[in-house]
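Chemist: Sequence:
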Amino acid sequence: MTTPIHDAVSDKSPARQRLDEIANMFSALEADIEQERRTLANLVESHRQAEAELKENDGKWESTLMENNGVENTESERALFLTTTAKAKIVRLSVLMKDQKRKVAEMNIRLGGMTVEYNNAFLNVAAPIVKREVDKVIEEIYKVMGPSIKRVIGLCRLYRINVRDTFAAFYFSSQYKNIHGEVINVDVLEKIKSEDDVESLIINAIKDVIHQDNINLTDDELPDDHPGAYPRSVFGAMKNKPSPAQLARAKHDAEYREKLFTGEVPFNNF
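In this text, residue positions in the sequence shown follow the working numbering: the first is 1, and each later residue adds one.
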């Protein structure tokens, strides 16, 4: 029995039931792929052993035969048997390995195709949860932060400070001559536009919280209908499949399709 991707929770909405259904199918196929991969690994090891046997015994038949003046004996017959058997193994194992690689690749493609359906089902569960929490945050901003923000804005209006102007300002003087030729000094107040204004400071403080790294939620902070974190296995399956361009070429190019499905051409979906 495969282990479900998500833990069971009290939420049995149609969206959650659909997610669990797809997750269980995904886990079952993933387990099948793992079994086929083990089979492939065993075939590869058997192929390696056959090559080692061939390397060890190849040429022994000739040398043993010549050492015995061209007369067959038990040792030469054994060397010939081992060499012939190893060569036959290598040929047959090569075919089995190629077929097994194709089988694993096709199963990975099926698994990768399931990720699209899984993503839709996961978002149908996760998106409403996030939207609900966002609504709570917005409500808290109005209730908790709203009065403080209003106080700041009220002070700005009293002091004639534009909430989009920086606190920094400087004066500079310029001169010009009037029609009588007199030099007139004019002082000008220049306000600097920057990200240090009142509005930006408040917004950027919120953005700093949003963009924090390493935000880890405790179990107490998770909602009751939490579906679990997005599974690494699903993300891995998305990468472990051909790109749309590769699949399109494989439809019309038999040689390319064979290389793609037997692992000679790597998938480049990401």
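Read the hints as simulated data drawn from the structure, not as lab findings.
Take the hints with a grain of salt, since some may be wrong.
No farther apart than 25 Å at their CA atoms in a straight line, the calculated lysine-lysine pairs in the BS3-like style are these [to be verified]: (1) Lys87 with Lys98; (2) Lys239 with Lys103; (3) Lys98 with Lys207; (4) Lys12 with Lys131; (5) Lys150 with Lys136; (6) Lys98 with Lys239; (7) Lys98 with Lys259; (8) Lys60 with Lys101; (9) Lys103 with Lys89; (10) Lys207 with Lys136; (11) Lys55 with Lys12; (12) Lys103 with Lys207; (13) Lys12 with Lys136; (14) Lys89 with Lys55; (15) Lys87 with Lys55; (16) Lys239 with Lys251; (17) Lys87 with Lys150; (18) Lys143 with Lys131; (19) Lys101 with Lys207; (20) Lys207 with Lys131; (21) Lys60 with Lys143.
Computed Cβ-Cβ distance ranges for the label pairs, DEER-style [claimed, not checked]: (22) Asp219 with Lys12: 54 to 64 Å; (23) Gln49 with Glu106: 23 to 33 Å; (24) Glu255 with Lys12: 49 to 59 Å.
C-beta: ideal position from N, C-alpha, C; glycine also.
Chemist: Now look at each hint and say whether the structure bears it out.
Modeler: Hints, verified against the model:
With a C-alpha separation of about 17 Å, the suggested pair Lys87 and Lys98 falls inside the 25 Å cut-off, and the hint holds. Distance check on the hinted pair: Lys239 and Lys103 sit about 18 Å apart at the alpha-carbon level, within 25 Å; holds. Taking the CA atoms of Lys98 and Lys207, the gap is near 53 Å; set against the 25 Å cutoff, the hint is violated. Distance restraint check for Lys12 and Lys131: the Cα-Cα separation of roughly 19 Å lies within the 25 Å cut-off, and the hinted pair is therefore satisfied.
At roughly 20 Å between alpha-carbon atoms, Lys150 and Lys136 fall within 25 Å of each other, so this suggested pair holds. A hinted pair counts as satisfied when its Cα atoms are at most 25 Å apart, and Lys98 with Lys239 qualifies at roughly 22 Å. About 10 Å separates the Cα atoms of Lys98 and Lys259, which keeps this hinted pair within 25 Å; it holds. About 34 Å separates the Cα atoms of Lys60 and Lys101, which puts this hinted pair outside 25 Å; it is violated.
Our distance criterion of 25 Å between C-alpha atoms is met by Lys103 and Lys89, whose separation comes to about 20 Å. Of the supplied pair hints, the one linking Lys207 and Lys136 holds, its CA atoms being roughly 17 Å apart against a limit of 25 Å. With a C-alpha separation of about 61 Å, the suggested pair Lys55 and Lys12 falls outside the 25 Å cut-off, and the hint is violated. Using a Cα cut-off of 25 Å, the hinted pair Lys103 and Lys207 is violated, with the two alpha carbons roughly 48 Å apart.
The straight-line distance between the Cα atoms of Lys12 and Lys136 is roughly 23 Å, inside the 25 Å bound, and the hint therefore holds. For the proposed pair Lys89 and Lys55, the alpha carbon gap of about 13 Å is at most 25 Å, so the pair holds. For the given pair, Lys87 sits about 10 Å from Lys55 by alpha-carbon distance, which is consistent with the 25 Å threshold. Distance check on the hinted pair: Lys239 and Lys251 sit about 20 Å apart at the alpha-carbon level, within 25 Å; holds.
About 85 Å separates the Cα atoms of Lys87 and Lys150, which puts this hinted pair outside 25 Å; it is violated. With a C-alpha separation of about 18 Å, the suggested pairing of Lys143 with Lys131 holds against the 25 Å cut-off. Proximity of Lys101 to Lys207 is assessed by CA-CA distance (about 48 Å); at most 25 Å being required, the pair is judged violated. Restraint check for Lys207 and Lys131: satisfied, since their Cα atoms lie roughly 18 Å apart, inside the 25 Å limit.
At most 25 Å may separate the alpha-carbon atoms for a hinted pair to count; Lys60 and Lys143 exceed this at roughly 90 Å. A hinted range of 54 to 64 Å for the beta carbons of Asp219 and Lys12 is inconsistent with their spacing of about 21 Å. Evaluation of the 23 to 33 Å hint for Gln49 and Glu106 yields a pass: the beta carbon distance comes to about 27 Å. Taking 49 to 59 Å as the suggested C-beta distance range, the pair Glu255 and Lys12 conforms, at roughly 50 Å.
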